[in-house]
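**Q** Chain residues, written in single-letter form:
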Amino acid sequence: MTQTSAAPAITPCAVDYTKRTEYLDELAAFRATRKLLKEIPFSPSLPQKGYNDRILHVDLSSLAFQEKPVTRQMKDLFVGGRGFGLWYLWNAVTPATRWNDPENEIIICPGPMSGLTQYPGSGKSLVVALSPQTDIPIDSNVGGYFGPLLKFSGYDAIELQGKADRDVILVIDGQKGIIRVEDGTQAPADAHILAEVLTRTYAEDEADRPNVSVVCAGAAAEHSLIGMLNFTWWDKRRGCVRLKQAGRGGIGTVFRDKRVRALVCRGPVVKGDMNHPVDLETIARAGIRLHQEIRTNDAAQCNMRRAGTAHLVEIMDAYDLLPVHNYQFGSSPEVARIASNVWQARCSQMTVDGCWYGCSMACAKGADGLVLKTGPYKGHMVTVDGPEYENAAGLGSNGGVFDPEAILELNFYCDTYGVCTITYGTLVAFVMECYQRGILDQERTGGLELTWGNWEADLEMLHQMARGEGFGLIAGQGVKKMKEIFIANGWGDPQLIRDIGMEVKGLEYSQYISKESLAQQGGFALTNKGPQHDEAWLIFMDMVNKQIPTFEDKAEALYYFPLFRTWFGLNGFCKLPWNDVEPSDNASTSEPAKVPEHVQNYLDLFCATTGIKIDRETLILQSARVYNFQRVFNIRMGKGLRANDIPPYRSVGPVTREEYESRVERYDKQMLEEIGVDPAGMPVDEKIAITRKHRMDRYAMLCDAVYARRGWTADGVPTMARLKALGLDVLPEVVAVVQAHGG
Amino acid sequence: MRQLRIDLSRCEAGRGCAEVCEQACASKVFKLDDKRFAALRILQGTDAVICDQCGDCLTICPTEALKRNKLGVVVIDKMLCVGCYLCVGICEKGAFERLEGWLEPYKCTACGICVKACPHAALAVADVPTPAPRII
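Note that the protein sequences, when read in sequence, are chains U and S.
Throughout, my numbering is defined as the position within the first sequence, counted from one, plus 705.
Throughout, my numbering is defined as the position within the second sequence, counted from one, plus 157.
None of these hints come from the bench; they were simulated from the model.
Careful: at least some of the hints might be erroneous.
With a Cα cut of at most 16 Å, we get these calculated EDC-like pairs of lysine to aspartate or glutamate [as the list claims (entries may be wrong)]:
#1 U/K1318 / U/D984
#2 U/K976 / S/D234
#3 U/K743 / U/D870
#4 S/K235 / S/E261
#5 U/K1299 / U/D1258
#6 U/K976 / S/E221
#7 S/K188 / S/E257
#8 S/K235 / U/D978
#9 U/K1251 / U/E1296
#10 U/K941 / S/E221
#11 U/K1083 / U/E1161
#12 U/K976 / S/E261
#13 U/K1185 / U/D840
#14 U/K740 / U/D872
#15 U/K780 / U/D758
In silico negatives: residues of chain S with every beta carbon more than 12 Å from chain U [to be verified]:
#16 M158
#17 R167
#18 R172
#19 S184
#20 L189
#21 D191
#22 K192
#23 R225
#24 V230
#25 P276
None of these values were measured; they are calculated from a predicted model.
Every residue gets a Cβ at the ideal spot worked out from N, C-alpha and C, and that includes glycine.
For reference, chain U alone in the conformation it holds in the complex:
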């Protein structure tokens, strides 16, 4: 018999993961005040080949419900997920629509693959809305059970439009075939209590709780533009609700503006064939192969099963990529305090993580037994999601916070208050640098001493955001609007404020330093929705492995990878199992960065689910239709041109003397070798100016190369020839936008 290998040397976390503060009084109070506003029946169904072929439109203003068919053309052009979301949003709004108009929608669409239980990372929902931060469509890819349960109740998507006249809770009961609207006025505001109360209320008994998922924001989403949506699942072993986040772009703010307190879906008991794929056996075999690969390779590769995405902290630090003090520096001598071994020890390991069934990658770690030190829940013992890398870096090093328990508390409050941790981390870093440079002071912050690492002031600002008061209200507007406010108030050098405020199109950067990777500068600033790393993460290919040295190479990478990654969002997949674990022989393949074996898995899964055979070129074509459609959508809304793709200089090169001097050898060498100017004896300010011109010129050349590769004009408009090649010329409104902009 094969012998069991020795157990890995992991010291289990000593915290009892079943213990936390219970909210039974809140549960009883909510149950006592429940009030039904409307109830209608519907016919539950299960998807066939991944689709139910109908969606649910909700007009919150009139509490009217309408089932709409999913057409063949929609599937052919947009596939599902983010594609459907963008299509519904396009039809709902006009160029004049803004985020808080009733016409704006929130669309939640799981995608045809979402709900597979056999392949890791197959339970995602895509959320689309007009963003309060960017005024263009935002899309967010989120775990939790809501999307699959919605599909298994009978709907491929839900469209929320209009505004309710009071706070409402919308319940879709796929077991009973009833849609119910209840008064949400008396429901708790914050997610960790609200989701717990609603799950226990709408599940018939304890065994039914895994069949219930809640979507909700939190108190700070009501007072800021950076609100996010929590999507829940019931963690059976912990005995509590867990939260995953549709974070970016302020969708939680739109949700609360529509006066939705929560969405609840109670789906049927999940089984392994509910998506009714045409060939379950192929899906099962691919899934088992990947489970085996994760079992064999994960510990030596990314160690996602133990540390989640936080395994990246020390790697980013080693390569000068960890954002420290608002992206000024890429590493810190204090990094060991927030390194992955800290989180590995702090997260409970002897349990099951994973934000949908069957995810052996299981990166959704949980830190239990956190006793809060501040805020309205001071003294409560809670479970915190993660922290993921973005949170350890964003809530940690970027603001100079290296206390793991403080990072966990910030993470907890961001989640329960319903604000995006990435956005919050980046805006805090900006605020702290403004404080360092005298753009802000205690008078301007209302007494908050926002010095680097002052997590107590950081948390107080977050509590203010939730209470809707003080400087927290200003911070909650996000970096773009803060820049405008600080400049308008004459609080500092406008150029400096623009340079150090890390946003493009109104969205804050995620937590990677892109200064030394031209390709990644494009990977952030050329994104459709704003600088989020889910489109392209090219830093290692570009900066470390030197695989894409020319502009054409970088343009090819900025063509392929954003399109390939878009495909996950069309189908309801998570990106992580694609390349956060690799086959043992991946390095010897012709294109290891693409992970060819896993790409083949996705082609097989699509065919095995829908019955439609696709190849690699078709996969890219499916994505390219949606990607270019979204670009045209941006243009239609007044953004999406070259002028909107310009990064803040902090993401391109050194803004300040300290930054230049921190990497002086590297920058001087580049000046000599790349620019042909001898820096010897030159004042730092002059070297900064020369470097800046060189780097921004390079960025402009990158834009030229990328636009050409993508089939866009020099102003970034998809050409008519590109539209025709994609088959988007059948949509007259799309053609009209392109023609009006010289495409």
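Please build the complex by placing chain S on the supplied structure of chain U, with the hints as guidance.
**A** Only chain S this time, still in chain U's reference frame:
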């Protein structure tokens, strides 16, 4: 806990034995008439794939469909199983079996039917200490 064990020095598989243990398991336990579907696999008398009830799968099953019964044997509750096959892929011993068309996997329950069937007394069910759960 109960555990099925094999003494390979007694096993005659590949030396004239018709692997009646596999046949008995497939037909009597799972009502399948093909011994390839048995929950134990004798590899020509040189090795065998048999669940040792180590319990690794208990700690990774997302729905707690895998449990130890009162004899300490790991069993699958089909009502709770969502067919994710995490157990199939994660098990280092390859002890889970799957049949096309069946949503849930299956495994050895140390029932002893194969022990009775073996003409060479190579199989036995033993009581052994239950190992402590480990992090997988």
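**Q** Next step is simple, just say for each hint if it's right about the structure.
**A** Comparing the hints with the structure gives:
1. U/K1318 / U/D984: holds (12 Å)
2. U/K976 / S/D234: Distance ~13 Å between U/K976 and S/D234 Cα, so the pair holds.
3. U/K743 / U/D870: holds (14 Å)
4. S/K235 / S/E261: The given pair, whose Cα atoms are some 7 Å apart, holds under the 16 Å limit.
5. U/K1299 / U/D1258: holds (14 Å)
6. U/K976 / S/E221: holds (14 Å)
7. S/K188 / S/E257: Roughly 15 Å between the alpha carbons, so the hint for S/K188 and S/E257 holds.
8. S/K235 / U/D978: Holds, at about 14 Å.
9. U/K1251 / U/E1296: With Cα atoms ~14 Å apart, U/K1251 and U/E1296 stay inside 16 Å; holds.
10. U/K941 / S/E221: holds (8 Å)
11. U/K1083 / U/E1161: holds (13 Å)
12. U/K976 / S/E261: Given that 16 Å is the threshold and the Cα spacing comes to 9 Å, the pair holds.
13. U/K1185 / U/D840: At roughly 12 Å apart (the allowed maximum being 16 Å), U/D840 and U/K1185 satisfy the hint.
14. U/K740 / U/D872: The hint holds at about 12 Å.
15. U/K780 / U/D758: holds (9 Å)
16. M158: Its Cβ never comes within 12 Å of chain U, the nearest being 15 Å, so this holds.
17. R167: Label holds. Min Cβ-Cβ 15 Å, cutoff 12 Å.
18. R172: holds (19 Å)
19. S184: holds (24 Å)
20. L189: Holds, since 17 Å exceeds 12 Å.
21. D191: Since the minimum Cβ distance to chain U is about 17 Å, S/D191 lies beyond 12 Å and the statement holds.
22. K192: Fine: 19 Å to the nearest Cβ keeps S/K192 off the interface.
23. R225: Holds: least Cβ distance 15 Å, greater than 12 Å.
24. V230: holds (17 Å)
25. P276: holds (21 Å)
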